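Listed in order, the protein sequences are those of chains A and B. Under the working numbering, the residues of the first sequence are numbered 1 to 343, in order. Under the working numbering, the residues of the second sequence are numbered 1001 to 1343, in order.
Source of the hints: derived by calculation from the structure; they are not laboratory data. Here the structure is a predicted model, which means the values were calculated and not measured. There's no promise every hint is true.
Chain B regions said to be covered by chain A (calculated; three or more residues, Cβ under 8 angstroms) [said to hold, decoys possible]:
1. 1018–1030
2. 1155–1162
3. 1170–1183
4. 1299–1309
5. 1315–1325
6. 1331–1341
Restricting the straight-line Cα-Cα distance to at most 27 angstroms, the calculated cross-link-like pairs of lysine-lysine (BS3-like) are [what the hints assert, rightly or not]:
7. B:K1030 with A:K267
8. A:K30 with B:K1146
9. B:K1204 with B:K1267
10. A:K146 with A:K82
11. B:K1082 with A:K146
12. B:K1082 with B:K1146
13. A:K204 with A:K267
Backbone N, C-alpha and C fix where the C-beta goes; we use that ideal spot for every residue, glycine too.
2 protein chains.
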Amino acid sequence: MPHYNLAFLGFGNVGRALARLFLRKQDELKTRYDLTFSVTGIATGRRGAAIDPNGLDLERALQIVESGGNLSSIHNQQSAIKDNLDFIRNSHAHALFENTPVSYNDGEPAITHIRTALELGLHALTANKGPVVHAHRALTELAASKGVHFFHESTVMDGAPIFSLFRGTLPAAQLLSFRGVLNSTTNLILGRMENGETFDDAVKYAQAIGIAETDPSGDVDGWDAAIKVSALVTVLMDIPLKPHDVDRTGIGGLTSADIARAQAEGKRYKLVCSASRTENGVSARVAPELVSGESPMYGVSGTSSIIQFETDVLGQLSVVEDNPGPHTTAYGLLADFLNAVRK
Amino acid sequence: MPHYNLAFLGFGNVGRALARLFLRKQDELKTRYDLTFSVTGIATGRRGAAIDPNGLDLERALQIVESGGNLSSIHNQQSAIKDNLDFIRNSHAHALFENTPVSYNDGEPAITHIRTALELGLHALTANKGPVVHAHRALTELAASKGVHFFHESTVMDGAPIFSLFRGTLPAAQLLSFRGVLNSTTNLILGRMENGETFDDAVKYAQAIGIAETDPSGDVDGWDAAIKVSALVTVLMDIPLKPHDVDRTGIGGLTSADIARAQAEGKRYKLVCSASRTENGVSARVAPELVSGESPMYGVSGTSSIIQFETDVLGQLSVVEDNPGPHTTAYGLLADFLNAVRK
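Whenever a hint applies, use it, and build me the whole structure from the sequences.
This is the structure:
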């Protein structure tokens, strides 16, 4: 039975949800997938780092971090951990879960973390969109040359299978175009405006429940959606496309009157992400669009999301995800790991 | 580069669409999947059968069948083909596409065809629900013992990835329940009744465009939907369940007044397929249900279909298929073949 050592770089909501999921699935991984694992390294942003080649006590690590302690108390090596690259090099791991904060400008330092791991022959699994948008092809080629995998299922629609769908279950399918509602904050805001709230109050609500950030412009102006379009085009169409190359309009120009008028016609505004292959490459767009009750997008409310794929082999195939959260992002990372190591 | 010999048992709309898809994808299979193929056998219901160990001319075979000829004119073996089992045994194939007419009562003769193929070490791929509902476990175990695969993606929602989703891209996910609109004939009828047609006229329309059969009771009474529920429960929950064990209500009891009243409330009737794990096994049901605009089911119109999965690892994951047809069923069979033979 193969045994895998795992390293967690980043141990926030997603990293900890992943640790709990591994604990919950431990027996199932043994019986269904014939594998066992140890977590040999955990590095956090503000709660220190620990390595133990014999496997850390994961329950205890969770407890230490969640009670405000420092992981250095369970570090079990002679030399201290200097930095994240030093952590990766000395983690004794076969797979790295990279969950550090994202940088959309250049994808760093996550790209360097992942490159370091791949060069050492570790599988690299991430929920971080930066490396996908800025270095997908280079990292994928590096992984292949080392006989390992760089997977990133959770970067779009949390753990819902999108990238693995085309990799695993739609062989010989060419993606011609897609349309989707991929940013949950704006979808939540538009839904609350349909229920009579002003734009400002809806933003305040989204901030209060922790969905929108203090500066909501990344969502409201369509940047997060554009980054997801960029990731999908780059990976699924194999056309490298930067977020700045996506024709982008946010929801800031929509008034309550616009939304009420749409409702009176039985329609809804959605911030629609779309891309189509063209003769010279791809045309990609993020913009508010009117959606009627005949479209599956119409019923996608709150933090739910949808993507509709047009391929050369099926009519139209859509995937809808409801009720996402850190636990579903964590599942995408677990699935990436299992897809990387199983035959 | 591996070379695969293929046999087509059944060469109706789906079998011929599959043949055309193989011809269209021939170069892509070589470049992307590093494989080549020959069709060494074709057996039809009324247009004869042919075997050629060196590969039949597929274009010519299509032409013969579609112009009302007989395939015996291109049969290239000394002895004549006695019957379907004789065809399988002498087909020189590595993979059998079983597309003979379905029998819902006992799954025969398709089960015997598939068993014969698997025993000879052929992969068996089918769009036929009978063998899934009546012999899934036995055929899957037989396939495993011979080192080949029994796949049947196109039995539910045509070529949309449902079975391969759980097999391939949702590792370590436990299916707890599902809900879906899986019968396109009843969905089309209900949609036309929303537009003011009577039940009888809507049935006549569905018959005129070739969706409903002369005796529409298999669809209208919910039998086709119950068979799909049975297939999904049997395979995805690993609980053998026969169509008769599904609690089944058709759409025959719905009046135009019921449907108008639902519309006035912003709702729609859908023939909903559902199943949930229970303490003792599973509870499975087919019945008309009122669906509101908040549900992705609401926007699933005409011959489109949807399935919503509740698992222990994601919130709710739905798959929607629009514009199905023989070509999408054919794609599911091609995908099954590629998933069976690739690493």
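Structure-based check of each hint:
1. 1018–1030: The restraint on the stretch 1018–1030 of chain B holds, since 4 of its residues have a Cβ under 8 angstroms from chain A and three suffice.
2. 1155–1162: Since three or more residues must qualify, the claim that chain A covers the stretch 1155–1162 of chain B holds, with 4 doing so at under 8 angstroms.
3. 1170–1183: Coverage by chain A holds for the stretch 1170–1183 of chain B (4 residues, Cβ < 8 angstroms).
4. 1299–1309: holds (count 5)
5. 1315–1325: The restraint on the stretch 1315–1325 of chain B holds, since 11 of its residues have a Cβ under 8 angstroms from chain A and three suffice.
6. 1331–1341: holds (count 5)
7. B:K1030 with A:K267: violated (46 angstroms)
8. A:K30 with B:K1146: Since the Cα atoms of K30 of chain A and K1146 of chain B sit roughly 25 angstroms apart, the hinted pair holds (cutoff 27 angstroms).
9. B:K1204 with B:K1267: Holds: K1204 of chain B and K1267 of chain B sit about 25 angstroms apart, inside 27 angstroms.
10. A:K146 with A:K82: holds (26 angstroms)
11. B:K1082 with A:K146: violated (53 angstroms)
12. B:K1082 with B:K1146: Distance ~26 angstroms between K1082 of chain B and K1146 of chain B Cα, so the pair holds.
13. A:K204 with A:K267: Holds - the C-alpha atoms of K267 of chain A and K204 of chain A are around 25 angstroms apart, at most 27 angstroms.
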